[in-house]
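Novice: Which chain is which? The protein sequence lines are A and B, in order. Converting from the first sequence to the working numbering requires adding 8 to each position, the first position being numbered 1. Converting from the second sequence to the working numbering requires adding 8 to each position, the first position being numbered 1.
Accuracy of the hints is not assured; some may be wrong.
[What the hints assert, rightly or not] Pair ranges (Cβ atoms, derived): (1) A/R355 - B/D213: 40 to 50 Å; (2) B/V201 - A/N347: 27 to 37 Å; (3) A/G290 - B/N13: 36 to 46 Å; (4) B/G359 - A/L151: 50 to 60 Å.
Keep in mind that the hints were calculated from the coordinates and are not lab data. Idealized CB from N, CA, C, for every residue including glycine.
Protein chains: 2
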Amino acid sequence: MKWSNFFIPTMKEIPIGTEAVSHQLLLRAGLVHMLTSGVYSYLPLGLRVLRRVEGIIREEMNAIGANELFLPCLHPMELWKQTGRDEVLADVMIRFRDKRKRDMCLGPTHEEVITNLVKDFIRSYRQLPTVLYQIQTKFRDELRTRFGIVRACEFIMKDAYSFDRDKEGLKKNYDLMYGAYKKIFDRCGLETVVLEADSGVMGGDVSHEYMVPAPIGEDAIITCDSCGNQTGANATYASGKICPKCKKGKLFSQVAIELGHIFQLGTKYSAAQEALFLDEDGKQRPIIMGCYGIGVSRVIAAIIEKHNDDKGIKWPKEVAPFDVEILPVPGADDNTEINELTDRYDRELVGLGMEVLVDDRQESAGRKFNDADLVGIPLRLTIGKRNLAQGNVEIKIRASSEVITVEKGSAVRKIKELAGTAVCAAKN
Amino acid sequence: MKWSNFFIPTMKEIPIGTEAVSHQLLLRAGLVHMLTSGVYSYLPLGLRVLRRVEGIIREEMNAIGANELFLPCLHPMELWKQTGRDEVLADVMIRFRDKRKRDMCLGPTHEEVITNLVKDFIRSYRQLPTVLYQIQTKFRDELRTRFGIVRACEFIMKDAYSFDRDKEGLKKNYDLMYGAYKKIFDRCGLETVVLEADSGVMGGDVSHEYMVPAPIGEDAIITCDSCGNQTGANATYASGKICPKCKKGKLFSQVAIELGHIFQLGTKYSAAQEALFLDEDGKQRPIIMGCYGIGVSRVIAAIIEKHNDDKGIKWPKEVAPFDVEILPVPGADDNTEINELTDRYDRELVGLGMEVLVDDRQESAGRKFNDADLVGIPLRLTIGKRNLAQGNVEIKIRASSEVITVEKGSAVRKIKELAGTAVCAAKN
Chain A
9 MKWSNFFIPT MKEIPIGTEA VSHQLLLRAG LVHMLTSGVY SYLPLGLRVL
59 RRVEGIIREE MNAIGANELF LPCLHPMELW KQTGRDEVLA DVMIRFRDKR
109 KRDMCLGPTH EEVITNLVKD FIRSYRQLPT VLYQIQTKFR DELRTRFGIV
159 RACEFIMKDA YSFDRDKEGL KKNYDLMYGA YKKIFDRCGL ETVVLEADSG
209 VMGGDVSHEY MVPAPIGEDA IITCDSCGNQ TGANATYASG KICPKCKKGK
259 LFSQVAIELG HIFQLGTKYS AAQEALFLDE DGKQRPIIMG CYGIGVSRVI
309 AAIIEKHNDD KGIKWPKEVA PFDVEILPVP GADDNTEINE LTDRYDRELV
359 GLGMEVLVDD RQESAGRKFN DADLVGIPLR LTIGKRNLAQ GNVEIKIRAS
409 SEVITVEKGS AVRKIKELAG TAVCAAKN
Chain B
9 MKWSNFFIPT MKEIPIGTEA VSHQLLLRAG LVHMLTSGVY SYLPLGLRVL
59 RRVEGIIREE MNAIGANELF LPCLHPMELW KQTGRDEVLA DVMIRFRDKR
109 KRDMCLGPTH EEVITNLVKD FIRSYRQLPT VLYQIQTKFR DELRTRFGIV
159 RACEFIMKDA YSFDRDKEGL KKNYDLMYGA YKKIFDRCGL ETVVLEADSG
209 VMGGDVSHEY MVPAPIGEDA IITCDSCGNQ TGANATYASG KICPKCKKGK
259 LFSQVAIELG HIFQLGTKYS AAQEALFLDE DGKQRPIIMG CYGIGVSRVI
309 AAIIEKHNDD KGIKWPKEVA PFDVEILPVP GADDNTEINE LTDRYDRELV
359 GLGMEVLVDD RQESAGRKFN DADLVGIPLR LTIGKRNLAQ GNVEIKIRAS
409 SEVITVEKGS AVRKIKELAG TAVCAAKN
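For reference, chain A alone in the conformation it holds in the complex (with noise of 0.2 Å):
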């Protein structure tokens, strides 16, 4: 892809009214754009992050056997009056009546749709278990939105559903979500805190949320310093989890934003909604039910928090935008051998199967320098006169600034084991 002929519009200075280094980035490298506060478009770049992200959750989730559908963004009132969450969750659903005379809600999330959707197709223990998810768009009418797209108006899901005959299918279930969720966070390059949590709005008895140490975050993660315990600060303040136990430590607490949470639900949504099936010894019981979330959105924000210098992002290898950035640095004289090899290096990583944005901008090299940096492609491939002159060009390593002179020859080459390296790693 030639960046002339992509959509990235780069900015230098800090946005005003932002106040978080992920806002900053998102909107300075061309990622984000805000409609009005807690509203934004992803730009291509920004989108491309997403895909990628999104890819890595679909490949988890199928990989444990969860099948992906897609549900409304639409709902009846009635299916929430049936659980009681109308009023739980008033405050910050959008409602409107349409011209049927219908009170419709802008689901704020889709237990209610999910069991009225299998309860019209499950209703033999044979068909169970069954795990369904989507990545699908969600609305809160919230009051503070903040940190640009961490706490929004509209903002991306993964939301999964297991349905089970009973508490050890949902055991099982929960137990592979709660593996897969690993998974998922360490391929974006997070290193999350799992810690036990309150079920709140949800309901069911057991629940954990997946925490990263962040500025960004609403929450808190306490740790005892003598023992190494580790809760929620509601969990804490609610249960007082921690301090019984070790009566000697100290508490620190860390700001952190939560990314996924995962809850055993039970019957609560099964039995009011009545979605039963029947069993081996011919008995109606109402499906066991677990619901698991990740905020997608909100996993990019965090990426760029733990993945940043003062220059720009630096993206970790999986959910990168591009996995190489090839810059010529044009000179006041012949180019011919600068353009050939940027066609040629760009023919052959395309060919490995890489993504490449070649920045052919006619904009001076500090320039060019400057926006490879902040958008933060994993690997540069600059190709200059005076590297040129001894046969060379040049990779920079983004994550850790490395940069590695190399025969012309052998960029391609190089570049693959570097590409490959990254991946590794990304993925242990």
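Given chain A, work out where chain B should sit, using these hints.
Specialist: Just chain B, lined up with the frame of chain A:
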């Protein structure tokens, strides 16, 4: 993919309250589920078709240099007031006031939002032309929803927007889109009639619509039996376009569905929203725009409408949810060979890059054959006792109902050959 691990809730009966064949088959083949009238979920099989149609659209959009982005569903009404379309589209707009007392609506289309976005970034003729597109959910408050996903309250569209410095640029982008649209519909197995059309609420002078004759349509194509000229019903009645040309010809009319519509907008939006650029001569001018829509959900309904028989769907190769279905028919005795062949074919076909569905359910052969015809995967590989006794298996081509008996060792080669032909046919 094993059928027993994949959520495909087929049904034998024609669902009540459905008039269109495509609507019936969408429900019966387990592709969609109705949440409330005009609001549908895509089930896993339907989502696979959706993704393939989206994939074709993306390929053809990217091929003409368009960049994909993702715009929000929530729009501030103040944007719509700038163009006066808050009133023009008032009838179908879903509106609400949020907690901050902002008047908002759910986007029925995105001209205002994209113009607002481009205005923030494009300042100079050097940044033009630019073509942006998205695949996103749209909302319309429809009083009379019809034909399932054809006229719905929530539906998926591809909308593209071109930005040029002059009319020649617009014309060029319009011609590129015109050609890309033909390719997209061809690849989806749809023969479209392209008609000059009224620009309606979009504005601008020139527009074309892509129609497919089908009973789910709400438009009509008028053809003159003498000169062969064609026009849309609205255009005919509005301007009497055909009749003056050929006074002898009789007109006949076909019901048709509009799948795409492209518009040379000019400066309607850029002037109203002050999306200006500095031209080479230093003068500020409004950007010249075009917009280009495809009703993605509608395309799926139209494909089914055109490719079915009394047994079910006959998916064209490029949009089929799977390429091959393997249908083992185990007997009462030893099924070792059937099971081994099933696994081997699955592995080998997947190895060739094909998407394979294995009907491993413990259902009667009759049920499995009926479901296979209903779900309509292009190629079916049946492994049964009687044929195996002769060392053979059976391949059925769903489109033509042709059945081919092949030696079990050459089944994979034959399927590869048939799939290849189908792909080529679809691409012509």
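Novice: Take the hints in turn and mark each one as holding or not.
Specialist: Verification of the hints:
no.: 1; hint: A/R355 - B/D213: 40 to 50 Å; in the structure: holds (42 Å)
no.: 2; hint: B/V201 - A/N347: 27 to 37 Å; in the structure: violated (45 Å)
no.: 3; hint: A/G290 - B/N13: 36 to 46 Å; in the structure: violated (26 Å)
no.: 4; hint: B/G359 - A/L151: 50 to 60 Å; in the structure: holds (54 Å)
Figure legend: structure checked against the earlier numbered hints; hints not met, in rising order: 2, 3.
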